[in-house]
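Number of protein chains: 2
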Amino acid sequence: MAVKPKLTYFNCRGSGEPIRYLLAYGNTEYEDVRFEDEEFPKLKPNFPYGQVPVLEINGKMIPQTLAICRYLAKRNGLYGSDDFEAMQIDAVADAIVDLRNAFTFCYWITPEDQRPAHEEKLKKQTLPFYLSRFEKSLQENNGYFVNGKLSYADIFFAGQVQHFSDNTKYDITDGYPQLKALVEKVENIPQIKAWIEKRPKTDF
Amino acid sequence: MAVKPKLTYFNCRGSGEPIRYLLAYGNTEYEDVRFEDEEFPKLKPNFPYGQVPVLEINGKMIPQTLAICRYLAKRNGLYGSDDFEAMQIDAVADAIVDLRNAFTFCYWITPEDQRPAHEEKLKKQTLPFYLSRFEKSLQENNGYFVNGKLSYADIFFAGQVQHFSDNTKYDITDGYPQLKALVEKVENIPQIKAWIEKRPKTDF
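Protein sequences appear in the order of chains A and B. Using full-length UniProt numbering, read the first sequence as starting at 1 and increasing by one per residue. Using full-length UniProt numbering, read the second sequence as starting at 1 and increasing by one per residue.
Think of the hints as simulated: they come from the structure by calculation, not from any bench. Some hints could be false.
As the list claims (entries may be wrong) - Below, simulated DMTMM-like cross-link-like pairs (lysine to aspartate or glutamate); rule was C-alpha separation at most 20 Å, straight line:
(1) 60/A <-> 36/B
(2) 4/A <-> 82/A
(3) 74/B <-> 83/A
(4) 60/B <-> 135/A
(5) 60/A <-> 113/B
(6) 201/A <-> 98/A
(7) 4/B <-> 82/A
(8) 60/A <-> 85/B
(9) 60/B <-> 31/A
(10) 4/B <-> 85/A
(11) 6/A <-> 36/B
(12) 60/B <-> 82/A
(13) 74/A <-> 140/B
(14) 44/B <-> 98/A
(15) 6/A <-> 85/B
(16) 6/B <-> 36/B
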């Protein structure tokens with residue numbers, strides 16, 4: 001990355017934060033460009049597929065959170081030690097995105113009058129379904145998602161979990177000690193800890 | 001892959017077909033295990049995250065279409081020539097999944113009485129939005145999505161497009177000559193052509 005990369009996202013944690021965690025982990029210098037919600041409609045046409053986060057590297061704008069996370073993972077030894085391990089890490093990350101899509105569907109797409117029924121289903125079915133499976137993976141893999149060692153899937157989960165809890169208004173890792181411990185472990189990685197301390201304070 | 005891998009999916013093309021294309025491309029021998037729709041509820045608890053397709057390799061079940069596609073891509077030279085190219089390929093694949101999620105939302109999640117409004121939006125807004133951007137990428141990259149050469153994103157699109165057209169009931173590449181040519185090009189790769197000729201005939 002010859003020129004300092006530029007990350008563009010809303011002025012919040014949301015889907016941008018896992019990328020910021022990975023950039024912090026790698027001690028990568030970057031521009032953390034943030035815009036306010038009301039600016040988005042004006043900016044949207046500039047982004048590939050009209051979405052953020054976008055990482056600009058050497059003048060090229062790359063969209064899609066996981067594509068960006070995986071790239072940073074490769075540069076920082078967080079993508080397993082062979083293709084088979086990498087596939088398992090990718091599968092976990094995609095499952096976390098499936099869970100995030102359920103959140104997006106419930107809190108951002110469903111009309112407000114229909115939300116209570118969807119929220120009930122999310123909290124009583126979807127969340128326990130995914131979290132119990134994630135918890136089991138951590139139990140079987142010495143506290144990490146894949147093969148007992150840190151990968152970008154672990155950092156992705158830790159960087160995303162606050163967004164989930166912001167929406168449900170309770171800590172979604174309550175009752176899942178392995179997941180809670182994983183988040184703590186990631187948040188205590190010195191470079192990520194330093195980022196959390198210095199990052200802009202935002203509501204979400 | 002010491003033991004012959006086993007792909008498990010519904011008895012249809014759907015999200016399984018891009019994986020079958022990639023397995024064909026690599027001349028990989030595998031078991032193509034198919035079940036009927038009505039068997040799914042009984043089988044669902046066996047699958048990680050309750051979803052298919054699942055690829056079983058050496059006794060381990062791996063879920064998530066893109067994780068599997070990427071693994072097969074790496075083994076067959078379809079994942080770019082460096083990490084930056086790979087990131088761009090991944091970003092295209094994720095955008096195709098976003099489009100697929102819009103289809104799933106419209107045709108499988110939306111209650112039937114609300115479908116016409118969603119279908120209108122899908123056909124008039126979402127599809128042209130994505131397809132025009134994909135078309136432009138192909139124009140700029142010599143008929144492929146990334147850097148003028150075949151990658152798993154191209155095969156993923158070609159393997160998925162019929163599923164889109166099955167739902168809309170018209171060929172969604174109509175009016176997008178580059179996309180149409182890409183699908184043709186992929187379908188004419190000899191190993192994939194041979195697979196299409198011999199594959200089980202299914203409605204979807």
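For each hint, the structure was consulted:
In summary, the hint linking residue 60/A to residue 36/B is not supported, as the alpha carbons are separated by about 45 Å, beyond the 20 Å threshold. Between residue 4/A and residue 82/A the CA atoms are separated by roughly 29 Å; this puts the pair beyond 20 Å, and the hint is violated. Distance check on the hinted pair: residue 74/B and residue 83/A sit about 8 Å apart at the alpha-carbon level, within 20 Å; holds. The hinted pair formed by residue 60/B and residue 135/A meets the criterion: a straight-line CA distance of about 18 Å does not exceed 20 Å.
The hinted pair formed by residue 60/A and residue 113/B fails the criterion: a straight-line CA distance of about 43 Å is larger than 20 Å. Simply put, residue 201/A and residue 98/A have alpha-carbon atoms about 27 Å apart, too far for the 20 Å limit, and the pair is violated. This hinted pair checks out: residue 4/B and residue 82/A have alpha carbons roughly 19 Å apart, not beyond 20 Å. Proposed proximity of residue 60/A and residue 85/B is supported: the alpha carbons are some 11 Å apart, at most 20 Å.
Restraint check for residue 60/B and residue 31/A: the C-alpha separation of about 41 Å exceeds 20 Å, so the hint is violated. Of the supplied pair hints, the one linking residue 4/B and residue 85/A holds, its CA atoms being roughly 18 Å apart against a limit of 20 Å. A C-alpha spacing of about 48 Å is found between residue 6/A and residue 36/B, which places the hinted pair above 20 Å, so the restraint is violated. For the given pair, residue 60/B sits about 15 Å from residue 82/A by alpha-carbon distance, which is consistent with the 20 Å threshold.
With a C-alpha separation of about 27 Å, the suggested pair residue 74/A and residue 140/B falls outside the 20 Å cut-off, and the hint is violated. Distance check on the hinted pair: residue 44/B and residue 98/A sit about 16 Å apart at the alpha-carbon level, within 20 Å; holds. With a CA separation close to 18 Å, the supplied pair residue 6/A and residue 85/B stays within the 20 Å bound. Taken as a hint, the residue 6/B and residue 36/B pair is honoured in the structure, with Cα atoms around 17 Å apart against an allowance of 20 Å.
In summary, the structure is inconsistent with hints 1, 2, 5, 6, 9, 11, 13 from the numbered list given earlier, while agreeing with the others.
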